[in-house]
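Chain A is fixed; fit chain B onto it per the hints.
So the sequences go chain by chain: A and B. Under the numbering used here, think of the first position of the first sequence as 1410, with each following residue one higher. Under the numbering used here, think of the first position of the second sequence as 18, with each following residue one higher.
Derived from the structure by calculation, the hints contain no laboratory data. Some hints could be false.
Quick list of in silico lysine-lysine cross-link-like pairs, DSS-like style, CA-CA up to 25 angstroms [claimed, not checked]:
no.: 1; chain 1: B; residue 1: K181; chain 2: B; residue 2: K201
no.: 2; chain 1: B; residue 1: K185; chain 2: A; residue 2: K1470
no.: 3; chain 1: B; residue 1: K201; chain 2: B; residue 2: K211
no.: 4; chain 1: A; residue 1: K1654; chain 2: B; residue 2: K201
no.: 5; chain 1: B; residue 1: K105; chain 2: B; residue 2: K54
no.: 6; chain 1: B; residue 1: K185; chain 2: B; residue 2: K201
no.: 7; chain 1: B; residue 1: K201; chain 2: B; residue 2: K54
no.: 8; chain 1: B; residue 1: K105; chain 2: A; residue 2: K1585
no.: 9; chain 1: B; residue 1: K211; chain 2: B; residue 2: K102
On the chain A side, residues computed to face chain B include the following (Cβ under 10 angstroms) [stated by the list, open to error]:
no.: 10; residue: H1469
no.: 11; residue: T1472
no.: 12; residue: F1485
no.: 13; residue: F1553
no.: 14; residue: T1589
no.: 15; residue: Q1593
no.: 16; residue: L1613
no.: 17; residue: Q1624
no.: 18; residue: I1627
no.: 19; residue: L1685
no.: 20; residue: P1689
no.: 21; residue: V1769
no.: 22; residue: Q1831
no.: 23; residue: Q1836
Covered stretches of chain B, as calculated for chain A (at least 3 residues, CB under 8 angstroms) [as the list claims (entries may be wrong)]:
no.: 24; segment: 45–57
no.: 25; segment: 105–116
no.: 26; segment: 131–145
no.: 27; segment: 158–167
No experiment lies behind these values; they were computed from the predicted model shown. Ideal placement from N, C-alpha and C gives every residue a C-beta, glycine not left out.
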Amino acid sequence: MMNQAAISEREIQPGPATERDGPSVVERSIRVPVLIFFASGVFWLIVASAFWLLASSQMHKPTAWWAFPGVAWLSFGRSYPVFLNCFVYGWATCAGIGAGIWLLARFCHVPLRSSLFPILAGVIWNIGLAVGVLSILAGATAGFQLLELPSYAAFILFLGLLMVGLWAITIFWNRKPGPTYISQWYILSAFLWFSWIYATANILLTFAGAPGPAQPAINWWYIGNLLDLWLTPIALGIAYYLIPKLVERPVYSYRLALFGFWSLALFGGWTGMTQLLGGPLPAWMITASIVAKVLMLLPVLAVAANYHLTIKGSFEELRWNPVVRFIVIGSMAYTAYAVEGSLISFRSIGQITQFTLITVGHNQLGLFGFYSMILFGAYYYIVPRLLGRQWLSQAMVMAHFWFCVVGIGLLFFDLTIGGSIQGFALQDPQIPMAAVSDLIQPFLMVQNVAVLLLVVANLIFAAAFAFIFLISAPVKYRAAAFESSAEATNKVASEVSVA
Amino acid sequence: MNKLTGLFLGVFLLFGLSWLTFAAYPYITFAGLQRSKDEATGALAPPGNPGTADQGARVYAANGCFYCHSQFVRDKNAGSDIDRKWGKRRTVARDYMFDRQVFLGTSRLGADLTNVGDRQTDPQWFYRLLYNPPAVTPESVMPAYRWLFETRLIQGQPSADAVKLEGKDAPPPGYEVVPTAEGKALVDYLLSLKKNYPLPEAPEATE
Chain A
1410 MMNQAAISER EIQPGPATER DGPSVVERSI RVPVLIFFAS GVFWLIVASA
1460 FWLLASSQMH KPTAWWAFPG VAWLSFGRSY PVFLNCFVYG WATCAGIGAG
1510 IWLLARFCHV PLRSSLFPIL AGVIWNIGLA VGVLSILAGA TAGFQLLELP
1560 SYAAFILFLG LLMVGLWAIT IFWNRKPGPT YISQWYILSA FLWFSWIYAT
1610 ANILLTFAGA PGPAQPAINW WYIGNLLDLW LTPIALGIAY YLIPKLVERP
1660 VYSYRLALFG FWSLALFGGW TGMTQLLGGP LPAWMITASI VAKVLMLLPV
1710 LAVAANYHLT IKGSFEELRW NPVVRFIVIG SMAYTAYAVE GSLISFRSIG
1760 QITQFTLITV GHNQLGLFGF YSMILFGAYY YIVPRLLGRQ WLSQAMVMAH
1810 FWFCVVGIGL LFFDLTIGGS IQGFALQDPQ IPMAAVSDLI QPFLMVQNVA
1860 VLLLVVANLI FAAAFAFIFL ISAPVKYRAA AFESSAEATN KVASEVSVA
Chain B
18 MNKLTGLFLG VFLLFGLSWL TFAAYPYITF AGLQRSKDEA TGALAPPGNP
68 GTADQGARVY AANGCFYCHS QFVRDKNAGS DIDRKWGKRR TVARDYMFDR
118 QVFLGTSRLG ADLTNVGDRQ TDPQWFYRLL YNPPAVTPES VMPAYRWLFE
168 TRLIQGQPSA DAVKLEGKDA PPPGYEVVPT AEGKALVDYL LSLKKNYPLP
218 EAPEATE
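Same shape as in the complex, but just chain A (with noise of 0.2 angstroms):
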């Protein structure tokens, strides 16, 4: 079993000849292919974002030129499509996957024999997507929401992601004996959920054509999943390690986190069915989700209050660390998202919001105010000690900050104002559809500057990315992370007395 200590970073740190010399032989061996899928996340954001804010102009204004009116490929019917996927299949999932192999690596302590394995499988995963996208654009798509990449793609990004699976299982199949930790719980269970979830939605809604009736139970199945099997899972073990790491603290509560895993486990995969409350499935279906979606609230709070109870009282010497900043915001998120889920899949609640804009909100607040901010966060911590150099310019992550934290804020609260008065109009017969649009021109409009300032975040945070490479110059890699060298030096020796 693993004791109190094993949820701590307990790990043997490299010796002092190496932290000076540079990343570790472990993270020396993972440095390619964990930058690869990095890059890749960063790339597909940025084809996110463009999309994205076509898509929002559209919204609001779909007769304006800029919204290319006429142009099948670039209509909202696409270009909406084409955001989500590239967010979530791009972005989301490529970065999910470069820092759960950078944590697993460094969990094991087993330098890789051979880094071929996973930059094939990062490679697969890009030609699958591209193709997906342009099958979308090309008017090929699949018709199942998120699961919109023609079963060709699919088949592809499947075989990328059993690549890494397989990978991530025979890393830690090989690891150094020793505790293992909870944030390898949450990335190993990850990747196994999400190829089963894959497989499962795409063979039997477009190899083995499921009955009509049953397409949305296995779809709305699939997309809980993806955010609460795959995505949730993913940020928290990121989280679950940095947090810890940074405040130089073990995890405060062993059983907490063994209950928050379990709990997950146990609740996670039955929540997918609100977004169908008074639809055409048996209704124990749709009150199991309900449930389940009111019980998520059990291992969501049991990791709130374990970060907030290891982070506690240092919080006020870390609030200029950006990576901190971006987790903290992230795991606030988390809990927000939550909270609104669980309230929203109420019937009495949701029959008003379940087909309006607070929808939109919502998947926001989890996609990018939770997920994306702990990503964000990886990439600031993880990036420096791969490359052995710094970042360019902390005002360039401060903005970036700064531009997500007010981006993200603005478009939750617009999304739920405008929602909800969407939500109460829709709910009164009196009032025709046209007046609906009518009342929440506003808001769409909001929403275009919010968009607008979230993909100004991503330009900076992908030419922070670019300029990594290009322009820094190589820095001792214990002051990697935006330290003065006094704290690295505290903190190589605090780290030492650990280990």
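Frame of chain A, contents of chain B only:
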């Protein structure tokens, strides 16, 4: 080794339950749905879709109609759908048993389309809407789908399904705007959307 085995076994069993419930179970049970037969008239419900519907559904998917339009009617106590006259009764699983692909949708920036073929029976209405939505509903935020039409020289008699356009949308003299094969398939599909037959498990809502 035990730890990994225990982890995977636990995760596998817990998630297996969800997989059985929401993927395997609907896949198997909904494949066995049977039509309802009216004792008096012998009419079968649902009656089945016209052959062209599947083709039109592809066009519906390709252009992402389902990102703004839903296709299900909630019961009277679960929303305003029936009061909005989007249907006389809620929709149930059997309503979708003949659909190759089901687009329930989760957004209502536009109207629900479950019974749109019942509300609007004139193909011209759909053509004019798709060609230029504000010409039909001035406040509409729906984009125009011009690529589903072509403007061509009238040869001999004007085509039967030429779109009747007015004002600045009207084609130059001697020309006509006609739907492409895709445009026709889409409108055929939309016209086929009508779940206006009775089903015993979903009686019409009473006041």
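Against the structure, the hints come out as follows:
no. : hint               : result
1   : B:K181 <-> B:K201  : 15 angstroms, holds
2   : B:K185 <-> A:K1470 : 20 angstroms, holds
3   : B:K201 <-> B:K211  : 18 angstroms, holds
4   : A:K1654 <-> B:K201 : 62 angstroms, violated
5   : B:K105 <-> B:K54   : 19 angstroms, holds
6   : B:K185 <-> B:K201  : 23 angstroms, holds
7   : B:K201 <-> B:K54   : 32 angstroms, violated
8   : B:K105 <-> A:K1585 : 66 angstroms, violated
9   : B:K211 <-> B:K102  : 13 angstroms, holds
10  : H1469              : 8 angstroms, holds
11  : T1472              : 7 angstroms, holds
12  : F1485              : 5 angstroms, holds
13  : F1553              : 8 angstroms, holds
14  : T1589              : 6 angstroms, holds
15  : Q1593              : 9 angstroms, holds
16  : L1613              : 6 angstroms, holds
17  : Q1624              : 5 angstroms, holds
18  : I1627              : 5 angstroms, holds
19  : L1685              : 7 angstroms, holds
20  : P1689              : 5 angstroms, holds
21  : V1769              : 8 angstroms, holds
22  : Q1831              : 8 angstroms, holds
23  : Q1836              : 5 angstroms, holds
24  : 45–57              : holds (count 4)
25  : 105–116            : holds (count 10)
26  : 131–145            : violated (count 0)
27  : 158–167            : holds (count 7)
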